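Mind docking chain V on chain Z? Use the hints.
Chain by chain, the residues:
Protein chains: 2
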Amino acid sequence: MAEGEVRPNKKVVLRNYVDGFPKESDMKVVTDTVRLQVPHESTAVIVKNLYLSCDPYMRVRMSRPDQSIEFPSFVLGSQVVTGYGVAKVVVSGHKDFKVGDLVLGITGWEEYSLISDPNSLIKINHPELPLSYYTGILGMSGMTAYIGFYEICAPKKGEFVFVSAASGAVGQLVGQFAKLTGCYVVGSAGSDEKVNLLKEKFDFDDAFNYKKEEDLNAALKRCFPEGIDIYFENVGGAMLDAVLLNIRNLGRIAACGMVSQYNLEKPEGVHNLINIVLKRVRMEGFVPKDHCSKYRKFEEMVVQHLKSGNITYVEDIAEGLESAPTALVGLFNGKNVGKQLVVIARE
Amino acid sequence: MAEGEVRPNKKVVLRNYVDGFPKESDMKVVTDTVRLQVPHESTAVIVKNLYLSCDPYMRVRMSRPDQSIEFPSFVLGSQVVTGYGVAKVVVSGHKDFKVGDLVLGITGWEEYSLISDPNSLIKINHPELPLSYYTGILGMSGMTAYIGFYEICAPKKGEFVFVSAASGAVGQLVGQFAKLTGCYVVGSAGSDEKVNLLKEKFDFDDAFNYKKEEDLNAALKRCFPEGIDIYFENVGGAMLDAVLLNIRNLGRIAACGMVSQYNLEKPEGVHNLINIVLKRVRMEGFVPKDHCSKYRKFEEMVVQHLKSGNITYVEDIAEGLESAPTALVGLFNGKNVGKQLVVIARE
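So the sequences go chain by chain: Z and V.
Residue numbering for the first sequence is 1122 to 1468, as defined by this note's numbering.
Residue numbering for the second sequence is 1122 to 1468, as defined by this note's numbering.
Just so you know, the hints here were simulated from the structure itself, not pulled from any lab data.
Among these hints, one or two may not hold up.
It does not matter which identical chain is used: a pair holds within one copy or between any two.
Unchecked claim - Keeping only pairs whose Cα atoms sit at most 27 angstroms apart, straight-line, the calculated DSS-like set for lysine-lysine is:
1) 1277 x 1415
2) 1278 x 1322
3) 1332 x 1387
4) 1169 x 1209
5) 1277 x 1410
6) 1387 x 1333
7) 1322 x 1332
8) 1244 x 1410
9) 1131 x 1456
The structure presented is a predicted model; accordingly, all values stated were derived computationally and were not measured.
For reference, chain Z alone in the conformation it holds in the complex:
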């Protein structure tokens, strides 16, 4: 491609703000154009987007604007939806990036994106692994698991670990980290297929299908007769309430998401918070972005484990930008098995 060339640029935009569960029709794919040129004297780059990450937090950005600085609402209409993705630099105004560099970072849900501040991009160090891994296990999902488990939960060998949404992009890795640490780990998921995956593929000690449990407290008591030391919280609501009834003294709860609550008009009430006092529990919300300096350490650790076969990984890949709205919406119905991502182009 020639610098300065004008190309068609398909992109996903938000048509309206979302109440309740998002639908495919809340988004649409439109065709715009892009000039493959960065503004004069700018340090911007233009990237060709390859793989897009579908993440539950994006639901928060689909709601009507409030004062949130961390998760600002998407702009309706012509402005593209953004999220983490893997991309290739095709035009560069920045001395640290050259054409052909593979990068990970916040990009647009479109074929080509102008990245005004390339300093936010991370260069991909291991292109010998599947590039798509950098949307998940080697990207923000992986960092979420790594920071949440090792930094926030400070696990010790022999501790009892519970992971909700355990077959998802973050949960599957948390479970494997827990096993590598010598913990006992149980996961919950929303289908028998996923439960099997947890036990057979990801080496969880036990797992249950929360949709088949009449009483989540009883399910946790069955799986953890001695209680829970660490809860990796991905769902919130009733599951959190049940965990609080089973948490042990000095328990830790790492909270990176509460996906069960994003689509509710009024969030469920959590009644058992008194156990945070009685059991001296620490519950901590976090985003991997606050821990960027640890990315390379995390990347090298996971790459080694992937290469040696100690860690495995399951992806759910949607083909083509047109399939992106469906893929994102599917997250909230639990349709995906493993990390949900969209491939726009493979190189």
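Same frame as chain Z, now just chain V:
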């Protein structure tokens, strides 16, 4: 008094387990006897109790037994209610304690107590201050404020601090610590008299009577237009829910009690926990007992501030063991102004 002598020993016992709000009639004062002698070859001591601390957590111990190891239920009938108190050693089988030593620790709500393990007692280093202070500002209430504020909340100058139950034993000290740190501090309390105390005596920047506020969220928005960095949580329930709507990024919540919830059959639901994720908030339960090694450092700091007049302290003193049940019950109706304690004897 002569060692070996048998004396009458009035004590407070629990008549029945409590549902809902405790009443005076849930307890009674009975007269037993005590022999002023420790068992042969034991290292026990006998103490004469001087001041008893009334603490909200005691309500948890008045409930029907469950599996709680940290807060075991009191035994009904003849066994004395226990809690923190200030006492004087009158018989000693322990080499580190001599007759006349003044101590702080868990003792019985009675005139004389046998302390089987005196290693749990802390010697009082500053008898030049009012001894009663060691039930509160120099005792576990003070340690709760100190550990919760400095260790759990890690405050920085200029941060916005909110304290609930702010005129109580813990809250009044948290507010003063916050001012000494250069924070902006607002307290809530349950009467106009207490609100005045916060503003006039304890130097809070602002305060409000939560019973007069129709909308706690609006009250907090009025007091904290820029939001809350630190919440010192003493009450739980609706107040916690409102704080979660006003917490800032990287906010911290130190939870040492949820007194609004202790007397409810079904605790209130807290709906806004998603903000723990969105704002990366840390909420941490703690008990001062886990931090005993810091007691002397805390004691010296507070003693210096008391002597220099930088810190002030308000007590609500009930006279005589007979008044102890009323004093304890009063905590849950907000009757006390400042630290509630009971004096049994002054020396």
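Taking the hints in turn, this is what the structure says about them:
1. 1277 x 1415: both (20 angstroms within a copy, 25 angstroms between copies)
2. 1278 x 1322: Result: close within a single copy only, 21 angstroms intra versus 50 angstroms inter.
3. 1332 x 1387: Classified as both: same-chain Cα gap 21 angstroms, cross-chain 25 angstroms, threshold 27 angstroms.
4. 1169 x 1209: within (5 angstroms within a copy, 78 angstroms between copies)
5. 1277 x 1410: both (25 angstroms within a copy, 22 angstroms between copies)
6. 1387 x 1333: both (24 angstroms within a copy, 25 angstroms between copies)
7. 1322 x 1332: This pair counts as within: shortest intra-copy Cα distance 21 angstroms, inter-copy 55 angstroms.
8. 1244 x 1410: The answer is within: 16 angstroms in one copy meets 27 angstroms, while 48 angstroms across copies does not.
9. 1131 x 1456: within (25 angstroms within a copy, 67 angstroms between copies)
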